[in-house]
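In order, the protein sequences belong to chains A and B. Here our numbering = 1-based position in the first sequence + 221. Here our numbering = 1-based position in the second sequence + 221.
Where hints are given, some of them may not hold.
Pairs count within a copy or across copies, as identical chains cannot be separated in the list.
Said to hold, decoys possible - In silico DSS-like cross-links for lysine-lysine, where the CA-CA straight-line distance does not exceed 30 Å:
id, residue 1, residue 2
1, Lys607, Lys557
2, Lys348, Lys330
3, Lys642, Lys237
4, Lys661, Lys642
5, Lys330, Lys237
6, Lys665, Lys330
7, Lys728, Lys642
8, Lys687, Lys330
9, Lys697, Lys665
10, Lys687, Lys728
11, Lys330, Lys661
12, Lys237, Lys681
13, Lys728, Lys697
14, Lys687, Lys457
These are calculated hints, taken from the structure and not from any lab test. The structure presented is a predicted model; accordingly, all values stated were derived computationally and were not measured.
Protein chains: 2
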Amino acid sequence: MTDQADKPTLTQNLVKARAPRGLADRGPAEIASANRMMQAIREIYELYGFEAVETPFIEYTEALGKFLPDLDRPNEGVFSFQDDDDQWLSLRYDLTAPLARYVAENFDKLPKPYRSYRSGFVFRNEKHGPGRFRQFMQFDADTVGAATVAADAEICMMAADALERLGVARGDYVIKVNNRKVLDGVLEAAGLDDQENTAQRLIVLRAIDKLDRLGSDGVMQLLGAGRKDESGDFTKGAGLSDIAITRIINFTGWHDEGSGAQGVGANNAVTLANFSAAVEGSTIGEKGVAELSQMAALFDAAGYNDGRVVIDPSVVRGLEYYTGPVYEAELTFQVKDEHGRPVRFGSVGGGGRYDGLVARFRGEPVPATGFSIGVSRLLAALQMIKSPIVSATAPQGPVVVLVMDREEIARYQGFVATLRKAGVAAELYLGSAGMNAQLKYADKRNSRCVVIQGSNERAKGEIIVKDLVAGAALGKAAKDMPREDYLALKERAQLAVGEAHLVTAVKDVLGR
Amino acid sequence: MTDQADKPTLTQNLVKARAPRGLADRGPAEIASANRMMQAIREIYELYGFEAVETPFIEYTEALGKFLPDLDRPNEGVFSFQDDDDQWLSLRYDLTAPLARYVAENFDKLPKPYRSYRSGFVFRNEKHGPGRFRQFMQFDADTVGAATVAADAEICMMAADALERLGVARGDYVIKVNNRKVLDGVLEAAGLDDQENTAQRLIVLRAIDKLDRLGSDGVMQLLGAGRKDESGDFTKGAGLSDIAITRIINFTGWHDEGSGAQGVGANNAVTLANFSAAVEGSTIGEKGVAELSQMAALFDAAGYNDGRVVIDPSVVRGLEYYTGPVYEAELTFQVKDEHGRPVRFGSVGGGGRYDGLVARFRGEPVPATGFSIGVSRLLAALQMIKSPIVSATAPQGPVVVLVMDREEIARYQGFVATLRKAGVAAELYLGSAGMNAQLKYADKRNSRCVVIQGSNERAKGEIIVKDLVAGAALGKAAKDMPREDYLALKERAQLAVGEAHLVTAVKDVLGR
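Chain A extracted, bound-state conformation (with noise of 0.2 Å):
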């Protein structure tokens, strides 16, 4: 009876151990292709002249761009509290706002244009899911006060370097680029400018963005009066003229019997052709043409429209935020989807020009183009195509020294240090199990090898070299195993050496 009071008392009392939902750890295996990832992307970054900094994970709520919270659900979207003056402050939800902050604070000091990285976790208090999290890690790199659009086209050109530098083959990832004023432009050729018609546009980018979804029929009854799908539902379309619709798909240059990517296939020529007459007679769509004109012919010199870096019309997610080039980074390669259809692993980051970044603190624009790469996105994708980069698997772990005779711990020390000063990784047990439980520590490590010295073997001056992987291999051994094959075998397993000899027989082993 007293224990069974007792115990809920004590059970009230514990906290449970729980990380908060969206919210994950990460181990050895994970960090250690994380940092090497980054670490090539850093290369390539640096490479081209963008140097390091870094903002802090905390910023004046104001200065992130966000109105102010809602006191009833101050952290809807973006986690934020007040200060002790009862200013609110957030933590960031992405490294642009605070670069924009950056800037603005040291504007006369830096070089400019100014050329930046930095990667770091960013927070959105979103719903979560699988993939989705609260806190997730993103790599940016921005140009910031180059008007011209060669800072668009380098930034790209890099996004290609780095994926390539990551182990991603060339041919199996696009750079693609569309610009803002271009599509304005096709909108505006198309009889809806940007004042009005916010529904409308906002209908067109969507039936653009179907267009391998429903082909170019589809698509043109969703630019027309609608479209009623199999199951006889009718979604409402953008009611635009014949002409109208008949410019948009001709800009978009889809062939329903293409190769099912929108104007991929087709060379930036043939599609800045295709720009043109879309945009004819509108002077901020010829503007937009230009532009990509001039990235294209950088492409060209430096040998990119290969494949790599490509003009693409339907890239329009993120159009209506950015106010010139855009670009994204896809990975072409096939993936199963969750029905298990193939599909294109798809985007790995994007990005574009914002040139009203920094005025919201200045007052006056200052332009800006920058490329974000969501870092797990790109490590699942480097994982998947097993990239040398990244390694699903756990890192070896150390070689164990076991405690044979607790009496005689300051000498197994001895080892470890002595395997230590040699760079070998190595530790001794400090737990206080037995053999068997030790031997299963040191598996659990995913050590290669163990070092013995029980009684028998110091009365000799000797240890014993136990490989765990022969060790396996002897356990699994077929019974009608030739006896040379396992005596060779068990030879292996098990090296009995000189104390002197520690070292070269645990790299022996270590070598194998």
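Since the structure of chain A is provided, determine the placement of chain B on it from the hints.
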């Protein structure tokens, strides 16, 4: 009038570009130094068999072991905010409490003992001052599940190895070791047991901490009736008996005419003999001395008893928190304090055994010991001793290809691509300024050289590589410099070569 009426409105709408107080940005030199430093620490920790782990920045407030926030001031000390389901979340204020949560959550699948390391930013909402920030980085290593003090000894030796790997010379640092149980024993033997006498115990701890400033006379007064300082102010003492006072002074091993460092200089054996005498009759105290003796034997066996790791009664800070051995990494080289007086640099990290850490989650004590490095303080120390691991100077900037003729930008871009392909960090000038401003830009980037091709050079198929360092020397050259030297310097400052020799010429200058 219109202008004047408009401008204030514009200014009012502008957001001020500033980071909240106590939060700092980091530039490329500091980031590069910190990364190299942490990479070196990681290498040593992995050599010792510690594996990486990372936890999120946000945890349940209760999991961090804090009381729930005061609703009126939820951000006192720790930044806290409520989740959608009204549960309190906090930004982590150290890396230890999240580790305890992680270990408790993954207890069955982790190898035990579990050795891990992690580095990352932590957040404290405290008053900040010089060198004190609300976001700062820690680098921790912990062993969970090892009851033996061999685990504590290992971490002490690992800390010593890490400091040497970072360029701190042997003799310029000391890892000081003490034990909470010994101090408990001393206080118990002096008649101050744990339950009552909390105020007196604190007076004793504070008095011991003042030995190097007040000498033994002053401290004996503080342990007895009290002490009047030079200004005539009186500090009430602990009121201990003469026997108790003598015991405590003997425990500290302090000699006023000594090295000035408490107990340091005496060897571990002498210190342990002092400890034994001071705790005589106290069971807990004797247990503490036995633990320290065991650690000392391990330091002896591994050769760390040469002044690298020293048992030292002066380590009293934090003793109230820990439950067994405590250790502190102190840099002993001298720096000037704010009054220009020479002082030791002091502590860069510390830790100890705290067996209650995981118990809050599991209801049973889990032995744990760990060590935490203050990253920016250690970085400051390494910069002070000019360790090659860190560098206070900005990294060398990229080679800048100047834009002399906007029509030829694709050609310039080609030079840049050629340099990058050869592994040389290079960039195209992307601003809109003229040649002088472009040269100033390259200076600001800390570039060693620029590549120039005007129309004259283009006609000849040549480029000019301008060495900015030699160029600066040329600008400062004395007027009466011999003409030959001047010409040699001039030739060095500016090389004209065929386009095909671009990479060779640039590498030649970079290698100077």
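Verification of the supplied hints:
1. For the homomeric pair Lys607 and Lys557, the shortest alpha-carbon distance inside one copy (16 Å) is at most 30 Å, but the shortest distance between copies (54 Å) is not.
2. Taking the shortest Cα distances, Lys348 and Lys330 sit within 30 Å of each other only across copies (29 Å), while inside one copy they are farther apart (41 Å).
3. In the homo-oligomer, the alpha carbons of Lys642 and Lys237 never lie at most 30 Å apart, since the shortest distance is 42 Å inside one protomer and 54 Å across protomers.
4. Taking the shortest Cα distances, Lys661 and Lys642 sit within 30 Å of each other inside one copy (26 Å), while across copies they are farther apart (49 Å).
5. In this assembly of identical chains, Lys330 and Lys237 lie within 30 Å of each other by CA distance solely across copies; the values are 17 Å between and 50 Å within a copy.
6. In this homomeric assembly, Lys665 and Lys330 come within 30 Å of each other (Cα to Cα) only across copies, at 9 Å, whereas the closest approach inside a single copy is 53 Å.
7. For the identical chains of this complex, Lys728 and Lys642 are intra-copy neighbours only, at 13 Å inside a copy versus 38 Å across copies, given an alpha-carbon limit of 30 Å.
8. In this assembly of identical chains, Lys687 and Lys330 lie within 30 Å of each other by CA distance solely across copies; the values are 24 Å between and 61 Å within a copy.
9. In this assembly of identical chains, the alpha carbons of Lys697 and Lys665 lie at most 30 Å apart only when taken from the same copy (19 Å versus 65 Å across copies).
10. For the identical chains of this complex, Lys687 and Lys728 are intra-copy neighbours only, at 12 Å inside a copy versus 50 Å across copies, given an alpha-carbon limit of 30 Å.
11. Taking identical chains as interchangeable, the C-alpha atoms of Lys330 and Lys661 lie at most 30 Å apart only when they sit on different chains, with a minimum of 12 Å there against 58 Å within one chain.
12. Taking the closest pair of Cα atoms, Lys237 and Lys681 never come within 30 Å of each other, the shortest separation being 52 Å inside a single copy and 76 Å across copies.
13. Taking the shortest Cα distances, Lys728 and Lys697 sit within 30 Å of each other inside one copy (25 Å), while across copies they are farther apart (57 Å).
14. Taking the shortest alpha-carbon separations for Lys687 and Lys457, neither the intra-copy value of 72 Å nor the inter-copy value of 64 Å comes in at or below 30 Å.
Of the numbered hints stated above, those contradicted by the structure are hints 3, 12, 14, listed in ascending order.
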